Amino acid sequence: MSPVRHIPSAKPIDLTKADERPSGTWRYSSHLSLVLGGGGARGAYQVGVLAGLADRLPGLAFPIVTGTSVGAINTVYLAAHLGALSEAVAGMREAWAGLTSEGVFQVRLLGLITSMARKGLQSITGLGGGPGGMRGLADTKPLRDFLSRGADLRGIAANIANQRLKAVAINATSYTTGRAVSFVQAAPEIPMWERVQRLAVRTQLTVDHIMASAALPLVFPAVRIGDEFYGDGSVRQMAPLAPALHLGARAILAIGLRVPRAARQVTKEMVSPSAAEAMGLLFDAIFMDAMEADAERLDRINHILAAFPEGHPVPTNLRAVELLMLHPTRDLGALAAGKTHLLPSNIRHAVRAIGGHKAGAAEMLGFVLFHPEHTALLMEAGYEDVGAQWPVIEKFFEKLERDKVLHPTIH
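Heads up, the final residue of the sequence shown is numbered 411 in this note's numbering, and it's a clean run with no missing numbers.
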């Protein structure tokens, strides 16, 4: 990502006004939200989908954006970019095309073995305990350096001030309290919220918030923000769509990172799984399950509200929200199969040690394989899936236009 060194004073552009939007575009308003979840290297697929949408929907903008884990990285870059969506996506594609596993994390086997031996000795002797133990299997300083170089987060405040952006939320899990926390940078009139085991904190977003959202437990070290330690937001986020709803979304576009469950087939012989296969299933559950379950809940609420007779009062705390959940049309894990050799040697040895080189471990490998050959395939798949699902996408936006969800008169 090319650093943004200058924040110009831009004239606010309201794409809901016919005389200020490019011809042939939809009328977008502050009620449209983008939701991006976690998935490691599969975040490249999100970029491919966004590229396809930007090409087919000139002037498309998401005034409300929320992200978790790798989705937080993509979300913040979009929110901080001062130009059009197409320009932001072009920068994201360039960044992902050059990203490698060593540019995200490093596994130091000697340090890992030494740390484990030290902890084992402490447990036996009871000596030398206290802080300073192993905080994670990987060192994420490369990712922090990449993010620090890649995007000037001052662009978020500039976009909010210029009314191009309404709110951005980055989701993390507090190890200190066990709650799901949404760090929100938003316009002053946007209220924060607190519910059972989840709350929003108004703040100015920094690289620390992104690192916290992406800190997968056990693998990446926790990140301290204030008096609490935080990890990957996917862990306790039972309602991934909720932050967008709290921020005022009337329509949500969410990008999933796996084939819908009904379309999956069991084709391999059942054998005892390797540690890598089990880890792949764990990652899949952490990153994917909650998003799909929350989408089902929202769909049920929409059906219930639609069943109310016209003119009949509905519960005041419920509102219909249009949802478009885009899924891959192919198994993204298969794109990583047989590509263990693309990992740096130290990471490759660690992955092979847990069975990551086996055919059945492609799911896990797909999460950690940051390599141009792999991410290019993911971005291509995302871009092509927009074309494959275009009738559904077009129908979604046509319905928003017809129901006036995108019109500025709806508040």
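Among these hints, one or two may not hold up.
Across the chosen pairs, the derived CB separations fall in these ranges [as the list claims (entries may be wrong)]:
hint : residue 1 : residue 2 : range
1    : N302      : V196      : 31 to 41 Å
2    : A161      : V392      : 34 to 44 Å
3    : A337      : Q197      : 29 to 39 Å
These aren't lab readings, by the way, just hints derived from the structure by calculation. Everything numeric in this text was worked out from a predicted model, so none of it was measured. Backbone N, C-alpha and C define an ideal beta-carbon position, used for all residues, glycine too.
Structure-based check of each hint:
no.: 1; hint: N302 - V196: 31 to 41 Å; result: 23 Å, violated
no.: 2; hint: A161 - V392: 34 to 44 Å; result: 35 Å, holds
no.: 3; hint: A337 - Q197: 29 to 39 Å; result: 37 Å, holds
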